[in-house]
Amino acid sequence: MSAGVDFAALGLEGLRVDHAAPFRMRRVAEGATVLTALDGRFAILDDDELRAFARGEVEEGSPLFEKLAGANLLADSFDVPAAAEMLRARRSFVGAGPNLHVFVVTLRCNTSCVYCHASRANMDAVHTDMTPEVAEKCVDFALSTTNPSVTIEFQGGEPLVAFDVMKHVIEYALERNANLGKELEFTLVSNLSLMDEEKLAYLIDRRVQICTSIDGPADVHDQMRKLPKAYGESGHALTLEWTRRINERYREMGLDETLYHVEALVTTTRALLPRWKELVDTYVDLGCRALFLRPLDPFGFADKTGDRIDYPREEYLEYYRRAVDYVIELNREGVEILERYAAIFLTKILRGEDPNFLDIRQPAGAGIGQLAYNYDGQIFTCDEGRMLHEMGDDSFRLGDVHTSSYRDVVGHPTVRAVVIAGQLAGLPDCNDCAYQLYCGVPPVHSHKTQGSIFGRMRESTLCQVHKGIQDYLFAKLAEGDAETRAILERWTTIRPREHFLHGA
Amino acid sequence: MSEQILAVPDAIARADMGDGSVELFVDESLYPLEAVYGASFTFLDRCFVFLDRPQPGRLRVILSAKKLGASPEVLREMVGEFANELLACAWREKITERNRATIEAVTMQAIGGAMGPPSLDDLEDFDFTEEPFEDPLGIAMSWEEKYGKKTAPPAATEGDEE
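In the order they appear, the protein sequences are chains A and B.
Counting in the numbering used here, the first sequence runs from 1 upward without gaps.
Counting in the numbering used here, the second sequence runs from 1 upward without gaps.
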């Protein structure tokens, strides 16, 4: 057996490799084995083709020869310049510097999520609001990045609680950037329950992209994300109401609704697993064009409530497959909606490009692709590193905006350590995995779950999820259905949201 | 009170329920010392960790649970997790050695790109007083130092010979 391939069952004694360029392999379905080349191109072989390949019986000019040569899998025709160019394209983000700057403008939040990853504070904890002075220093720090593009993402707590701080950050950043000329973008991650027309008018005027959380049907959402009655009867209803309202404003402005809409994220809890169809329907009814079926993270309150809301990852993968099967079915009927995990992996698999999703790339984005700024000006490799700080673990703290220089922070030994740990070429299992060039593991996750930034992928729940999703996607591609393939290819289209860019 | 809690010989691992600790024995010909350090380190938050070498070629690792009253399941988990982490560390060291060039190149590009070039202020702050570089070819030496007439070293005194 090798990566699920049972040579004996296929009537093979082994594998002749003298005719093959270096490759990795994995069984993805009955009668379907994927071979990936050094440059990330791939071929899916049926069992007859695999036998011929394994025996070295690939006749030049045959369909199998063309298939293997086209994926750069044959030694004689191995195209070195093309492989180098493809590898460069897959790693285009390396060396660009931090683009994502997470600003925790307050820890205060009016909602109590059972799995809260953000380490919320009560509404009277005003000492957890970022001061204007700290906010300006954070902006100065973020704009020091070597990256020509900067995204300032407002997180919390609930950022709308500290709306004045947000406004100050935006105005100050725009003013400072007038001379710097960076491509500047603002993103708000909010439960939307404190939104009002005045705030919305400002956010629309300043072209702030808005993201929210919708955890499925109302009963699950309200059970997981508890909003006190003082703010409304149902957090779910408020979030949906404002999502519709914001999307309506984009339409009124003449923006393309397939591109400009509230981005909503799912946090999958145990109660949601059997409700996959209702979840998808909720998103479709709302006019969402994407849903992101994220499993539960091990940070924040989820560390303590896991007994009640977590689940074995086999069950998550079953839920994922059912939900995405349904999403594909809806696409066949003309509904345009994609699943974000699938889109990230497919962009790498089918297009040979990296969409630069910081948690599924290598090296991961911690420190070199993102920085997180706590309300008090402390700086972390990533938002998850900041969450660990709130849980009493300072492993990912890099400094603070008061005393540290930009170069101190991004050149910090911790950043170097996580960059090394985030390279799959140095990790057992990953090094030999057929999905190495499409995958990535944030070292902070391995640190939290396994006590080492390197982790042990065979026992990692994140690896299980990533492998399971890619197995599913390759199995779909192996089915050979042209319409399915066209749908999956459509999900890989990268279209920049230029309306949200300042200074471009 | 030593008890067998895993289906492994006593010579590899054994538990002491009274102490809430486990003893593991590592064959040094199979695992590098760095792997033993790496695996042991991941237990510091839960255990007191003791290392010694009771006999040549054999290391002993004692993991003593910080929380009193560790159950057999907890001790069994500690042994299993240590063994898996030890293998992961040993194998990772081999892989890193093999892929060192790639990993170093990517790391340098990632960090260098994120840091950018030093500013004049950075250079001003740079401490040039240290002597961080070895100079085996004498490139930084003056002509006189390198080729000038050598004076004989002072004769050793009694004090120098002690």
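Derived by calculation from the structure, the hints in this document are not laboratory data.
Since this is a predicted model, take the numbers as computed values, not measurements.
Do not take every clue at face value.
What the hints assert, rightly or not - Derived Cβ-Cβ restraints for the label pairs, each shown as a range:
1) B:117 / A:403: 14 to 24 Å
2) B:120 / A:202: 37 to 47 Å
3) A:315 / B:77: 15 to 25 Å
4) B:94 / A:61: 49 to 59 Å
5) A:459 / B:94: 45 to 55 Å
6) B:126 / A:202: 16 to 26 Å
7) A:244 / B:117: 47 to 57 Å
8) B:18 / A:459: 41 to 51 Å
Beta carbons: idealized from backbone N, C-alpha and C, even for Gly.
Take the C-beta atom of residue 120 (chain B) and the C-beta atom of residue 202 (chain A), compute their distance, and say whether it sits inside 37 to 47 Å.
holds (40 Å)
Do residue 18 (chain B) and residue 459 (chain A) keep their Cβ atoms within the hinted range of 41 to 51 Å?
Given a distance of about 30 Å, which is not inside 41 to 51 Å, the answer is violated.
Given the hint of 45 to 55 Å, is the C-beta distance from residue 459 (chain A) to residue 94 (chain B) inside that range or not?
violated (19 Å)
Residue 202 (chain A) and residue 126 (chain B) - C-beta distance against the hinted 16 to 26 Å:
violated (45 Å)
For the range 49 to 59 Å, tell me whether the beta carbons of residue 94 (chain B) and residue 61 (chain A) fit it or not.
With a Cβ separation near 41 Å, residue 94 (chain B) and residue 61 (chain A) fall outside 49 to 59 Å, so the hint is violated.
Confirm or reject the claim that residue 117 (chain B) and residue 403 (chain A) have a C-beta distance inside 14 to 24 Å.
Because 22 Å falls inside the window, the suggested range holds.
Could you tell me whether the CB distance from residue 244 (chain A) to residue 117 (chain B) stays inside 47 to 57 Å?
The hinted range 47 to 57 Å holds for residue 244 (chain A) and residue 117 (chain B), with Cβ atoms some 49 Å apart.
For residue 315 (chain A) and residue 77 (chain B), compare the CB-CB distance with the range 15 to 25 Å and indicate the outcome.
holds (22 Å)
When the structure is compared with the earlier hints, violations turn up for hints 4, 5, 6, 8 and for no others.
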